[in-house]
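When the sequence shown is numbered by UniProt numbering, its final residue is 180 and no position is left out of the sequence of numbers.
Bear in mind the hints are in silico, worked out from the structure with no lab data behind them. For clarity, every value in this text was computed on a predicted model and none was experimentally measured. Backbone N, C-alpha and C fix where the C-beta goes; we use that ideal spot for every residue, glycine too. Some hints here could point you the wrong way.
Here are the in silico distance ranges between beta carbons for each label pair [what the hints assert, rightly or not]:
1. Asp-66 to Thr-99: 36 to 46 Å
2. Ile-105 to Ile-64: 35 to 45 Å
3. Met-8 to Phe-59: 23 to 33 Å
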Amino acid sequence: MELLSILMLVISSNLDDLGVGFSIGIQKRIPVPIILVIASISGLTMALGIGMGVQLLNFIPRGINDLIGALVFLGLGIYFVVNGLRNQENDENRPIKFTLSMAIILGLTLGINSLALGVSAGITGYPLLPTSIAAFLVSFIFLFLGSVFGGALQPILKKSDIISGILLVFLAFAILLTPL
Numbered sequence: 001m002e003l004l005s006i007l008m009l010v011i012s013s014n015l016d017d018l019g020v021g022f023s024i025g026i027q028k029r030i031p032v033p034i035i036l037v038i039a040s041i042s043g044l045t046m047a048l049g050i051g052m053g054v055q056l057l058n059f060i061p062r063g064i065n066d067l068i069g070a071l072v073f074l075g076l077g078i079y080f081v082v083n084g085l086r087n088q089e090n091d092e093n094r095p096i097k098f099t100l101s102m103a104i105i106l107g108l109t110l111g112i113n114s115l116a117l118g119v120s121a122g123i124t125g126y127p128l129l130p131t132s133i134a135a136f137l138v139s140f141i142f143l144f145l146g147s148v149f150g151g152a153l154q155p156i157l158k159k160s161d162i163i164s165g166i167l168l169v170f171l172a173f174a175i176l177l178t179p180l
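When you get a sec, could you build the whole thing from the sequences and use the hints?
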């Protein structure tokens, strides 16, 4: 169950990477070094978030941490679903120039989800190293696949927030229904 929970978390936090890879991949492929930079930032922001969540445990009464984490996952999941339903019409294409600074900015932007979800993951006891490595790998795979397959993934791109939100809602209920 732990591996499944980790996968649900990192897929949810990195589903936007698939959309970004697709959006950029329509114009041209993202170079692998750029993907590595972005995916590394995703893994690092997940680790930072988990570390912050673990530190927050010092201030949260025992037994309430899973409830707080699950409620945050649930809230973010609902937000992602609503946001995805509202923004299904957005579709922009701009010329892209691949630079290290662009990769860092894009990585930090995409890493915001990993950071926020990482805090909740830390509170609920997710292991730092496996979760962060999984975040890196999923980010890399999603960016690479999105870049390679471009136009074929358009239906998934338009639903990425909704899919991400649904995964978070399932994750929240899995945490709430797991006996303490």
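Beta-carbon spacing of Ile-105 to Ile-64 - inside the hinted bounds 35 to 45 Å or not: For Ile-105 and Ile-64 the Cβ distance comes to about 37 Å; the hint holds.
Verdict for Met-8, Phe-59 (Cβ pair) under range 23 to 33 Å: Given range 23 to 33 Å: holds, Cβ gap about 27 Å.
Status of the given 36 to 46 Å range, CB of Thr-99 versus CB of Asp-66: holds, 42 Å
Hint compliance for this structure: no hint is broken.
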